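Engineer: The lines below spell out each chain.
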Amino acid sequence: MNTITQSAPSSATNINASTASEQQAQFDSQYPLVLEAKNLTIDFRKKRSSFFGPKEYLRALNGLDFQLRAGRCVALVGESGCGKSTSAKIATKIHKASEGAIYYKGENIDTLTRSEQLAEYRREVQMVFQDPFSSLNPLHTIRYHLQRPLQIHHQLKPGKAMDEMLVELLTKVGLTPAKEVLEKFPHQLSGGQRQRVFLAKTLAIGAEVILADEPTSMLDVSIRIGVLNLMNEMKHEMGKAFLYITHDIATARYFSEDIIVLYCGHMVEWGSTEAVTQNPQHPYTQLLLAAVPDPSRSIHEKLPTQRSMETPMWSPEHKGCPYAARCPKAMAQCSQGLPEPKELEPGHFIRCHLFV
Amino acid sequence: MSKLVEVKNLCVDYITFNGRVRAVSDVSFHINQGEILGLAGESGCGKSTIAYSLMRLHRPPALISEGSIEFEGRDVLAMDDDQLREFRWKETSMVFQSAMNCLNPVKTIEYQFWDIFDAHGLVSSRDESIEKAKELLRIVDIPTERLFDYPHQFSGGMRQRVVIAMALALKPKLLIMDEPTTALDVVVQREILQKVYQLKEQFGFSILFITHDLSLMVELCDRIGIMYSGKLVELAPAKQILSQPLHPYAHGLGDSFPTLHGELQEMKGIPGTPLDLQNVPPGCRFAPRCFKATAACREQEPQLQQANEQRWVACVDPLKIASQTQQPEPLTQSHSEPSETTCVEAL
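Top line first, the protein sequences correspond to chains A and B. In terms of this note's numbering, the first sequence has 206 at position 206, counting the first letter as 1, and numbering is strictly consecutive. In terms of this note's numbering, the second sequence has 147 at position 147, counting the first letter as 1, and numbering is strictly consecutive.
I should point out that these hints are in silico values taken from the structure, not numbers from a laboratory. Note that this is a predicted model, so its numbers are computed, not measured. Treat each hint with caution, since some may be false.
Stated by the list, open to error - Facing chain A, according to a computed beta carbon distance under 10 Å, are these residues of chain B, among others: (1) H120; (2) G121; (3) T144; (4) P151; (5) S155; (6) Y197; (7) L220; (8) L253; (9) G254; (10) P274; (11) R289; (12) E301.
Quick reminder that beta carbons are idealized off the backbone N, C-alpha and C, glycines included.
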């Protein structure tokens, strides 16, 4: 089983076995593991071509592993349709994995069946959605949105104590004057403010793990960075664990410690964000990073060549590397079997036949 | 280089139940022949409204209340319906954000090309139209046998390329691209823009490029105009606008895009929220969010003024350019009153 061994702050130059395990232990205690995905695979039933035809499946995710740790962030990047959001939906139990599972504090979430266990899981793992314009109820005030989780999950009664709590929450996420904001309706707030309300809601519930699905892509450019900075604060100061799903690799570099590049439901390259973004090795990662707009470059710089443009629809019967059809360096074995993960340097993994 | 389009003091109002809302206020710029001009800004700052006004595609409740638009010396605002029909697509064409919505889902691509050629009386037979359409598809690297497919059979990037091919069908002199690649993945986005640039070099048209992604714009455009709530606040050569911004808003935008390369540093962004155009405060519109706003900023509204040869800025006290030391010549002429001299002193 391959896991992301995080690049622990390694100041020591020669790492022998004992210090490495000590470092791992120190790393574990500094950033305790909260949520772990092991070999997540999900198949969706496709519409049959005829009534008597065979059942056909689409493999949206194939063997995804990640570890979310308190106070750290893992970014999932890739093009649309590569399975980024699906993985968050499995973690929130919207979808059920066909293979593999998610472990929350060591416990398989599929075994949580009693309602109080489920309530606890849902209290601690919260999702932030892309569109802040439809994720808040337009008929209710901000006060209502923040009171509900406190009433339901923490059995608190509305009153002066709760009011103080709400004001404190809103101040924490930078919405001031808090007392006025409480009485406003969602339509009276801008996109960035709404996303802040949503983050305040996850704080009110007391979430430990926040699955942020493109939280800034619908926001105006000038306020995106403010929301990212707020999430950064929640990560560092309140020790929340983040899964940051995005297609904007530059913000992923800004916000996350670890990154996973997904292609067609497969992890192609993963590890510490700096290592992957500054020294990409997989042909797909190289293509993706070369395409990111960067003011210091020019539009004329050539992209790495590709053999085709089409992203395949992966099915359980498919074999080999999903990128083989596009990869300029594809070899015979690329279409035969999925390459095994390989550690290029401490904390930087790749799945490519070129590196086996 | 000669000017292709000249926009002077353009004002566009939206008529609402609460009175007029000025979405574009006193905007002046020009586009040279063969140039790519970018317009950047947040949503609601009026950049798309300008694009629609240039082709007179705006509809009530929007109306152009002041200003002039000249295309090769002809007054676009004075054109009647027949002239407009000639003007659109032949002289200026537009690529919209969502390609799916500009293609008719129940007609083949071939029919939609024929529709354009037929409406403008360019072809005498359907076969001729098919030949021309195939040639256009070749230009944007789409296999010609796809001509008889329906829009849903294409991927998002291909659809956008079909729309670009259609926009170029009548060899326009100006191509307006309103967020053409926002819905696409980065790899596809770059391929399309490289293609567009190549076509521009080949055919020599000008482009008005609208997006909110400044990094992309800096790569593609020659000059960039930055808009804030209906006003053009800075106009500068693309490479200078992020490295040496004059307007605090441009500086703030530059501080809002994390970079992929180079040192990772904490970014501040811009505090506050965009202005509500229904109640515009007196003075500079950016003053409530500006880090160096003074009392003067809240009283008097700065006009766009020439800061040096290529740069224009609308700020009472613009930021300094680090490398430049000597005093620039006093502004020669701009559309604003010459009585305002406050702008230059900071340089």
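Engineer: State for each hint whether it applies.
Structural biologist: Quick rundown of the hints versus the structure:
{"no.": "1", "hint": "H120", "result": "31 Å, violated"}
{"no.": "2", "hint": "G121", "result": "36 Å, violated"}
{"no.": "3", "hint": "T144", "result": "16 Å, violated"}
{"no.": "4", "hint": "P151", "result": "17 Å, violated"}
{"no.": "5", "hint": "S155", "result": "7 Å, holds"}
{"no.": "6", "hint": "Y197", "result": "6 Å, holds"}
{"no.": "7", "hint": "L220", "result": "5 Å, holds"}
{"no.": "8", "hint": "L253", "result": "6 Å, holds"}
{"no.": "9", "hint": "G254", "result": "8 Å, holds"}
{"no.": "10", "hint": "P274", "result": "6 Å, holds"}
{"no.": "11", "hint": "R289", "result": "8 Å, holds"}
{"no.": "12", "hint": "E301", "result": "20 Å, violated"}
Violation of the numbered hints given earlier is confined to hints 1, 2, 3, 4, 12; the remaining hints are satisfied by the structure.
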